[in-house]
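*Asks:* Positions in the sequence shown are counted from 1; adding 1 to them yields the working numbering.
Since the hints were made in silico from the structure, they are not lab data. Bear in mind that the values here come from a model prediction, so they are computed numbers and not experimental data. Be a bit skeptical, because a hint or two may be false.
Here are the simulated EDC-like pairs of lysine to aspartate or glutamate, each with C-alpha atoms no more than 20 Å apart in a straight line [what the hints assert, rightly or not]:
| # | residue 1 | residue 2 |
| --- | --- | --- |
| 1 | K113 | E291 |
| 2 | K37 | E66 |
| 3 | K113 | E286 |
| 4 | K269 | E70 |
| 5 | K269 | D132 |
| 6 | K269 | E69 |
| 7 | K269 | D154 |
| 8 | K256 | E201 |
| 9 | K176 | D154 |
| 10 | K37 | E5 |
| 11 | K289 | E163 |
| 12 | K256 | D132 |
| 13 | K289 | E109 |
| 14 | K269 | E66 |
| 15 | K176 | D132 |
| 16 | K256 | E163 |
| 17 | K256 | E286 |
| 18 | K256 | E207 |
| 19 | K176 | D191 |
| 20 | K269 | D133 |
| 21 | K289 | E240 |
| 22 | K289 | E262 |
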Amino acid sequence: MITELRTFITVCRHGTFAAAGERIGLTQSAVSSQIKRLEESLGFALFDRTGRSATLNAAGQTTLERAEEICALYAKLGELPEDATHSGLLRIGAIASTQSTLVARALEALRKGFPLLRVHVSPGVSMRLMDDLDAGQIDAAVIIRPPFGILPDLTWQTLVHEPYVLIAPADAPGKDWRALLQAQPFLRYDRASFGGRMVERFLRREGLAVTDAIEVDEIPALIHMASRGLGVALVPLVEAHLPLPPGVRMLSLGKSTFHREVGLLQRKPRASPPVVAQFAQCLREAVKTERRKSRPAPPR
Numbered sequence: 002m003i004t005e006l007r008t009f010i011t012v013c014r015h016g017t018f019a020a021a022g023e024r025i026g027l028t029q030s031a032v033s034s035q036i037k038r039l040e041e042s043l044g045f046a047l048f049d050r051t052g053r054s055a056t057l058n059a060a061g062q063t064t065l066e067r068a069e070e071i072c073a074l075y076a077k078l079g080e081l082p083e084d085a086t087h088s089g090l091l092r093i094g095a096i097a098s099t100q101s102t103l104v105a106r107a108l109e110a111l112r113k114g115f116p117l118l119r120v121h122v123s124p125g126v127s128m129r130l131m132d133d134l135d136a137g138q139i140d141a142a143v144i145i146r147p148p149f150g151i152l153p154d155l156t157w158q159t160l161v162h163e164p165y166v167l168i169a170p171a172d173a174p175g176k177d178w179r180a181l182l183q184a185q186p187f188l189r190y191d192r193a194s195f196g197g198r199m200v201e202r203f204l205r206r207e208g209l210a211v212t213d214a215i216e217v218d219e220i221p222a223l224i225h226m227a228s229r230g231l232g233v234a235l236v237p238l239v240e241a242h243l244p245l246p247p248g249v250r251m252l253s254l255g256k257s258t259f260h261r262e263v264g265l266l267q268r269k270p271r272a273s274p275p276v277v278a279q280f281a282q283c284l285r286e287a288v289k290t291e292r293r294k295s296r297p298a299p300p301r
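Put together the whole structure using the sequences plus the hints.
*Replies:* See below:
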């Protein structure tokens with residue numbers, strides 16, 4: 002029943018069965034079947050159906066409010082009471098590029114304050130981790146900021162802005178990033194990812210025509226492909242991927258530079274385990290510490 006309730010909530014949030022299916026990875030017919038099972042179990046219709054459209058009715062509106070409460074309570078079943086937070090379980094989602102850097106530094110500090118706390122870090126792309134958070138499968142997610150806004154029951158905390166640069170083979174001729182983009186095969190950051198969508202918007206905004214060669218969602222893979230002379234790529238300059246491997250060079254985009262915003266997505270405090278606030282604070286401190294380290298030393 003929880004699965005059907007979550008699907009029902011997603012339909013209400015996104016407006017149609019088709020849109021909900023795209024969000025949770027189901028076909029429209031599978032979403033329709035789940036809603037039908039829910040209606041049969043409840044004994045009344047949730048939507049007024051006319052032709053191919055379905056509109057939430059009064060009973061559906063009341064059920065939506067109760068469904069949200071039930072799913073929020075279900076997500077809390079595995080949590081310990083507040084006074085046992087120090088020895089509970091914190092479930093974090095994090096994109097790969099932050100796990101060995103920002104997240105690791107924050108967890109180092111968190112574990113000093115909560116030595117008995119158990120932490121589970123789930124890897125994944127930003128879209129999937131956002132869905133996991135919405136479904137109550139994780140407590141917080143360190144991801145790229147969604148390009149389509151934040152759901153009303155979630156909150157966003159910006160941590161870092163990472164500039165995009167052009168990565169090119171070391172022997173690629175020229176220093177003009179525009180000319181290299183248009184002359185060399187293009188290694189594309191997967192358009193299904195948040196970061197890849199930013200690249201696509203940038204190319205359109207700048208009116209740049211590229212010759213697509215390879216499309217992949219892993220930034221390290223794009224960098225290493227460039228080092229083997231397979232083409233050029235637009236990637237965010239990420240701490241975890243530095244120093245760059247031999248065989249590649251990096252070109253700034255100058256005034257055209259755009260940035261990837263990485264931050265913490267979590268449920269609002271009333272629906273979030275107390276230890277998430279501690280983790281958020283550790284993330285902020287980790288960012289500040291790294292910024293202080295990266296500042297040039299004052300002249301003597």
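*Asks:* Are the Cα atoms of K113 and E291 separated by 20 Å or less?
*Replies:* Holds - the C-alpha atoms of E291 and K113 are around 18 Å apart, at most 20 Å.
*Asks:* For the pair supplied as a hint, K256 and E207, confirm whether the alpha-carbon distance does not exceed 20 Å.
*Replies:* With a Cα-Cα distance of about 12 Å, the restraint between K256 and E207 holds, given a limit of 20 Å.
*Asks:* Against the 20 Å threshold, does the CA-CA distance of K256 and E286 hold or violate the hint?
*Replies:* Not satisfied, since the Cα-Cα distance of roughly 30 Å exceeds 20 Å.
*Asks:* Would the pair K269 and E66 pass a check requiring their Cα atoms to be no farther apart than 20 Å?
*Replies:* Measuring from Cα to Cα gives roughly 17 Å; hence the hint holds.
*Asks:* Given the hinted pair K256 and E163, is their Cα-Cα distance within 20 Å?
*Replies:* holds (15 Å)
*Asks:* Assess, step by step, whether the Cα of K289 is no farther than 20 Å from the Cα of E109, and give holds or violated.
*Replies:* Status holds; Cα separation ~15 Å.
*Asks:* Sort out whether E262 lies within 20 Å of K289, counting only the CA atoms.
*Replies:* holds (16 Å)
*Asks:* Hinted pair, alpha-carbon criterion (20 Å max): K289, E163. Please report holds or violated.
*Replies:* Holds, because 15 Å separates the two Cα atoms, which is no more than 20 Å.
*Asks:* Taking only the CA atoms, is the gap from K113 to E286 under or equal to 20 Å?
*Replies:* Distance ~14 Å between K113 and E286 Cα, so the pair holds.
*Asks:* Is the hinted pair K269 and D132 satisfied, with a Cα-Cα distance of at most 20 Å?
*Replies:* Holds, at about 15 Å.
*Asks:* With a cut-off of 20 Å on the C-alpha distance, tell me whether K269 and D154 pass.
*Replies:* holds (6 Å)
*Asks:* Do the alpha carbons of K176 and D191 lie within 20 Å of each other, as the hint requires?
*Replies:* violated (25 Å)
In this structure, the earlier hints numbered 9, 12, 15, 17, 19 are contradicted, and the remaining ones agree with it.
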